[in-house]
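Colleague: Read off the chains here:
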Amino acid sequence: MAELSRTVRGGRKAFFDDPNADRLLAMLARLLESHWALRERCAVLEKLLVSKGVLGPLELEAFELDAEADAALDAESAELIRDVLGAARNIEP
Amino acid sequence: METRLNHALDLAKSRDSKSRERFVSGLRAYVLLDLAGELREDYEQSVLPQHLKRGGEKPADGPAVHDLLKPSPTFQFYSSLRCATQEMVWNAVLDSVEENSESLNRTAAKLTANAKGSLELDDTLDAPRYADAVDVHLMPGNYSGQEGATLEAGAVYDNGLNVFAFGAMGAQLNDIGWSMAKFLHLKFPDLAPREIVDVGCTIGHNTLPWKSVYPDAKVTGLDLAASCLRYAHARAEAMNVEAHFRQASADCLPFVDNSVDIVFSSMFLHELPTKMIHAYIAEAHRVLRPGGVLLNMELPPNEALEPYDAFYLDWDCYYNNEPFYKGFRDQDYTELTVAGGFERDNFFQGIMPRFTYGTPDEFRAAVAGGGEFDDNTGRLSDQIQWYGFGSVKAGG
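Chains as they are written, first to last, in our numbering: chain A, 85 to 177; chain B, 29 to 424.
These are calculated hints, taken from the structure and not from any lab test. Keep in mind that a hint or two might mislead.
Stretch by stretch, here's where chain A covers chain B in the computed footprint (C-beta under 8 Å, at least three residues) [unchecked claim]:
| no. | stretch |
| --- | --- |
| 1 | 48-61 |
| 2 | 103-110 |
| 3 | 158-164 |
| 4 | 346-354 |
Cross-link-like lysine-lysine pairs, in silico, PhoX-like; alpha carbons within 20 Å at most [as the list claims (entries may be wrong)]:
| no. | chain 1 | residue 1 | chain 2 | residue 2 |
| --- | --- | --- | --- | --- |
| 5 | B | K86 | B | K98 |
| 6 | B | K144 | B | K246 |
| 7 | B | K246 | B | K210 |
| 8 | B | K81 | B | K98 |
| 9 | B | K46 | A | K131 |
| 10 | B | K98 | A | K97 |
A virtual CB, placed ideally from N, CA and C, is assigned to each residue, including glycine.
Bound-form chain A, shown alone (with noise of 0.2 Å):
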């Protein structure tokens, strides 16, 4: 297998007075690219289970998680959010 590099040779530009700025739009951009490919992911699952019969058409929306579950949800959506927002916790301003 061929292996490609990704570096660009003369680089590219930054247009924001700082510089990071540009990095973490460009880093926003292929996040939301991943996040895309998930999103995109999930619907063909979703696709693929409602043609081999394993859900109905409307099952998904309507399904109640039990009270066990929709904690465990709750606990993981909070884990989420203190690990990535807390990312940037130890920078000096």
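Fit chain B to the given chain A structure using the hints.
Modeller: Then chain B, alone, in the frame of chain A:
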């Protein structure tokens, strides 16, 4: 819409890769249509009026517009996101090319085993500095490809261009070739070419329509990059079009004097230093038969555009690793052909809609009307108009 290549070199892509390509293509459309609209609005409704209110003079050219816009947050956001998107174009397809490199080479070998066309490489040709000092279009590896790769640079370009174009350059990325060949056919109805050359053809995507428009002609694509030419040869065979590809430099065309009927190039001159452009046009003049035609599809000259539109197109020169782009567009195209040996009175140019997006009658009417420069001339959008210029060799 999934971004598929409509030929046998299409790669087996993972679900994630297909999703990423769809996303990046959509992001390109968002940046070049939506954000580009906001940028123009910001300039016309805020940046320019404020500048004039402060007693500034109305910008006379693209660089003056560029200077005014640099501090604008809208310009900074647009440009930064456009650069990020450009990098994402190539990034989205590099994994697929890597993963498929063995099967791609096998398929290419099969397609070219009993080829209708041909491939002739010249391993004495080194990539000159002007062509390989930076990765043009922020494309890692550039057109010449990376060490050890055979035709992968061509595959990166084909797949990447398909994402980049967001559906605006034809189903097989060949609308420029179709539009220019049809334009020439309408403009010179008595021309019966036997030899057609496409200079700087890369993967031959705009070479192949010439064979469809002029089936009796021998069609040859030339480029410096062996990797692109290998891919171009296999791609032409995959599409069942007889085309020939040769590795050659634009300043040394491998044809004898007075032997070619049409010398064509597309999106090529703006990647060349001025000295090379002069050398290429003089070479085109040398190889053309009397009555033969030179046609270069290109970006319109700065002198024909409003200052804002000139700035908008030159953005690529400043930020997309295309260092010769503005230098070319600042030239007087008539003078370029005259300096190459063509007669001033034989210069012609054309502005036209995309041939494969309308009916032949609509295209014919538009060509007959002559076309006019506007803010969609050369600007990749869903309303793009192509531009071409050239000349006829005297004595035909």
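Colleague: Please go over all the hints and tell whether each is borne out by the structure.
Modeller: Right, here's what the structure says about each hint:
1. 48-61: holds (count 5)
2. 103-110: Coverage by chain A holds for the stretch 103-110 of chain B (6 residues, Cβ < 8 Å).
3. 158-164: holds (count 3)
4. 346-354: holds (count 3)
5. B/K86 <-> B/K98: Given pair B/K86, B/K98 holds - Cα atoms ~16 Å apart, limit 20 Å.
6. B/K144 <-> B/K246: 11 Å, holds
7. B/K246 <-> B/K210: Judged against 20 Å, a Cα distance of about 17 Å means the pair holds.
8. B/K81 <-> B/K98: With a Cα-Cα distance of about 18 Å, the restraint between B/K81 and B/K98 holds, given a limit of 20 Å.
9. B/K46 <-> A/K131: Holds. B/K46 to A/K131 sits at ~17 Å (cutoff 20 Å).
10. B/K98 <-> A/K97: With Cα atoms ~13 Å apart, B/K98 and A/K97 stay inside 20 Å; holds.
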